[in-house]
Amino acid sequence: MTVSPATSPIQRSLTAADCSINTATLGHLEPIGTVIERVAKHGFGGIAPWRRDLERHDVRVVARQIRDAGLSVSGYCRSTYLTGASRVERQQAVRDNRRAIEDAAALGSACFVLVVGGLPAGSRDLAGARRQVEDGVAELLEHARSVGVPLALEPLHPMYAGDRSCLTSLAEAIALCDKLDRHSIGGLGVAVDAYHVWWDWQVPQEIRAASGRLLAFHVCDWLIPTRDMLLDRGLMGDGVIDLRALRSAVEEAGFGGMIEIEIFSEEIWRCDPETVLSRCVERVSTAC
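Once you know that position 196 of the sequence shown is 196 in our numbering, the rest is easy, because the numbers rise by one and skip nothing.
In short, the hints are calculated from the structure, not lab data.
You may find that some hints are simply not true.
Claimed, not checked - Beta-carbon label-pair distances, calculated as ranges:
hint : residue 1 : residue 2 : range
1    : G108      : S211      : 22 to 32 Å
2    : E134      : D163      : 14 to 24 Å
3    : R87       : H143      : 14 to 24 Å
4    : V88       : Q205      : 33 to 43 Å
5    : T15       : S123      : 40 to 50 Å
6    : D178      : P31       : 38 to 48 Å
7    : R244      : G212      : 21 to 31 Å
8    : G128      : D58       : 36 to 46 Å
9    : Q91       : V61       : 26 to 36 Å
10   : G70       : D163      : 35 to 45 Å
11   : R87       : E266      : 31 to 41 Å
12   : E282      : V240      : 16 to 26 Å
13   : G43       : R244      : 17 to 27 Å
Even glycine gets a Cβ: it sits at the ideal position worked out from N, Cα and C.
With the sequences and hints as input, model every part of the structure.
Here it is as structure tokens:
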């Protein structure tokens, strides 16, 4: 991706206040109240909690803690998979996701992130899995609109097609948005995660095509070598992703939300969380 130095919004330096910390970055190892305090202390503007962080918590109390800390909620992670071997299983997933969407609304989240699921157990029918995803998103869309929380389809890297997401490209996510929201009523868009899209030679065009539907932008880095395809993401600047070019592309396409730092890394999770957050503050200005 080539960006003109004269016109690129990338010339504006980032600070922690422009960014959000996805709680996965700290490994879900501490109570959500402690994580909120740490994130605010380091000057970040937002937080993106996972549902597991809120288990056995009153969501309204957590929402108040987040507001009192001066943070916004850039996203709520993530959906129960929409694919399943039986109709009963799929309907249970829809019910789970409806409740999660209501929690996202209580949190004041900018979006609810959908990771849609891969092949149902025992299946090789990828096309059928994609139809299940379409049906599931369609069932959730009106409810999401009614509570004011847009759904953000997050395509994952194709290596996850079998078990985590049969939605594997930004182009496919945009096509699904256009099909289910053909009149552009709203409530449905995409989350662009650098880890999942950086390799795609068409991603600049796909990001431009997503203009008006960009709900989230997640950053981390792709390490060489990558020792684990799920739990060895890198801190921004430690890998090979051109994060500045991706940031430029999403901002030129109209994205004005917080840049969300989401790093799944067993190595990082072994570090002191204060050190991790300090390093993230440094890297948002030097690598993003």
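Right, here's what the structure says about each hint:
no., hint, verdict
1, G108 to S211: 22 to 32 Å, "holds (25 Å)"
2, E134 to D163: 14 to 24 Å, "holds (19 Å)"
3, R87 to H143: 14 to 24 Å, "holds (19 Å)"
4, V88 to Q205: 33 to 43 Å, "holds (40 Å)"
5, T15 to S123: 40 to 50 Å, "holds (46 Å)"
6, D178 to P31: 38 to 48 Å, "holds (41 Å)"
7, R244 to G212: 21 to 31 Å, "holds (23 Å)"
8, G128 to D58: 36 to 46 Å, "holds (39 Å)"
9, Q91 to V61: 26 to 36 Å, "holds (30 Å)"
10, G70 to D163: 35 to 45 Å, "holds (38 Å)"
11, R87 to E266: 31 to 41 Å, "holds (37 Å)"
12, E282 to V240: 16 to 26 Å, "holds (19 Å)"
13, G43 to R244: 17 to 27 Å, "holds (21 Å)"
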